[in-house]
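Take the given structure of chain A and dock chain B to it, following the hints.
One line per chain: the protein sequences are A and B, in this order.
Under the numbering used here, residues 7 to 116 are what the first sequence spells out, in order.
Under the numbering used here, residues 72 to 182 are what the second sequence spells out, in order.
By construction, these hints were calculated from the structure, which means they are not laboratory data.
Bear in mind the structure is a predicted one, so any value in this text is a computation, not a measurement.
Hints may be right or wrong, so weigh each one.
In silico DSBU-like pairs for lysine-lysine, Cα to Cα no more than 35 Å straight-line [claimed, not checked]: (1) A:Lys77 / B:Lys125; (2) B:Lys174 / A:Lys76; (3) A:Lys63 / B:Lys177; (4) B:Lys174 / A:Lys63.
Residue-level listing of the chains:
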Amino acid sequence: DGGITQSPKYLFRKEGQNVTLSCEQNLNHDAMYWYRQDPGQGLRLIYYSQIVNDFQKGDIAEGYSVSREKKESFPLTVTSAQKNPTAFYLCASSPGEKQFFGPGTRLTVL
Amino acid sequence: GIQVEQSPPDLILQEGANSTLRCNFSDSVNNLQWFHQNPWGQLINLFYIPSGTKQNGRLSATTVATERYSLLYISSSQTTDSGVYFCAVERAGGSQGNLIFGKGTKLSVKP
Numbered sequence: 007d008g009g010i011t012q013s014p015k016y017l018f019r020k021e022g023q024n025v026t027l028s029c030e031q032n033l034n035h036d037a038m039y040w041y042r043q044d045p046g047q048g049l050r051l052i053y054y055s056q057i058v059n060d061f062q063k064g065d066i067a068e069g070y071s072v073s074r075e076k077k078e079s080f081p082l083t084v085t086s087a088q089k090n091p092t093a094f095y096l097c098a099s100s101p102g103e104k105q106f107f108g109p110g111t112r113l114t115v116l
Numbered sequence: 072g073i074q075v076e077q078s079p080p081d082l083i084l085q086e087g088a089n090s091t092l093r094c095n096f097s098d099s100v101n102n103l104q105w106f107h108q109n110p111w112g113q114l115i116n117l118f119y120i121p122s123g124t125k126q127n128g129r130l131s132a133t134t135v136a137t138e139r140y141s142l143l144y145i146s147s148s149q150t151t152d153s154g155v156y157f158c159a160v161e162r163a164g165g166s167q168g169n170l171i172f173g174k175g176t177k178l179s180v181k182p
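Only chain A is shown next, with the shape it has when bound in the complex:
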């Protein structure tokens, strides 16, 4: 079954804890992306990776970190330095022009 999976669907963490969000794709796409969505807003780009072992900051990278050790996986860590981490996080992948999205993870920091 091909697609993009994100886990978990809902995640609760205490303030001050780092948390890692998973994103996996079996579509053989080279590029992968992480976005953040706040209520009533559009998506904003956090980090993206065009190829394994390489990634670039997006518009709101502060307080986040990523790795791209495998083509299929692009995990996002929300660190304690992120001032307002509660949001809906969406991962996407792309073979070139069009982007395809996973189902998202809703992170709530208490």
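Same frame as chain A, now just chain B:
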């Protein structure tokens, strides 16, 4: 940076009605995509359309790159069309895949 403005912000329709959603952008673009976000948060890619016109069933889109706008047409709307429609663009000369999203048009289709 490039600005992306979508209108209207909210739209309520009766089932069967037609609608037009607009996306204006402030600079030349390499890439323009339309997405539908369903009430559960899943985004579906509707069109990749940096210029020209495309159709897919009851949906069609037109981008006039020289005038910096794109239109999404929904005909014979159904309740399943409800959700938020986003336009996203990549600035010409920008990093590939670095999409800037508008704030969306929230569509509610009533039975």
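Here is how each hint holds up against the structure:
1. A:Lys77 / B:Lys125: Holds - the C-alpha atoms of B:Lys125 and A:Lys77 are around 32 Å apart, at most 35 Å.
2. B:Lys174 / A:Lys76: Distance ~33 Å between B:Lys174 and A:Lys76 Cα, so the pair holds.
3. A:Lys63 / B:Lys177: holds (29 Å)
4. B:Lys174 / A:Lys63: Distance ~21 Å between B:Lys174 and A:Lys63 Cα, so the pair holds.
Every hint, counting from the list given before, is met by this structure.
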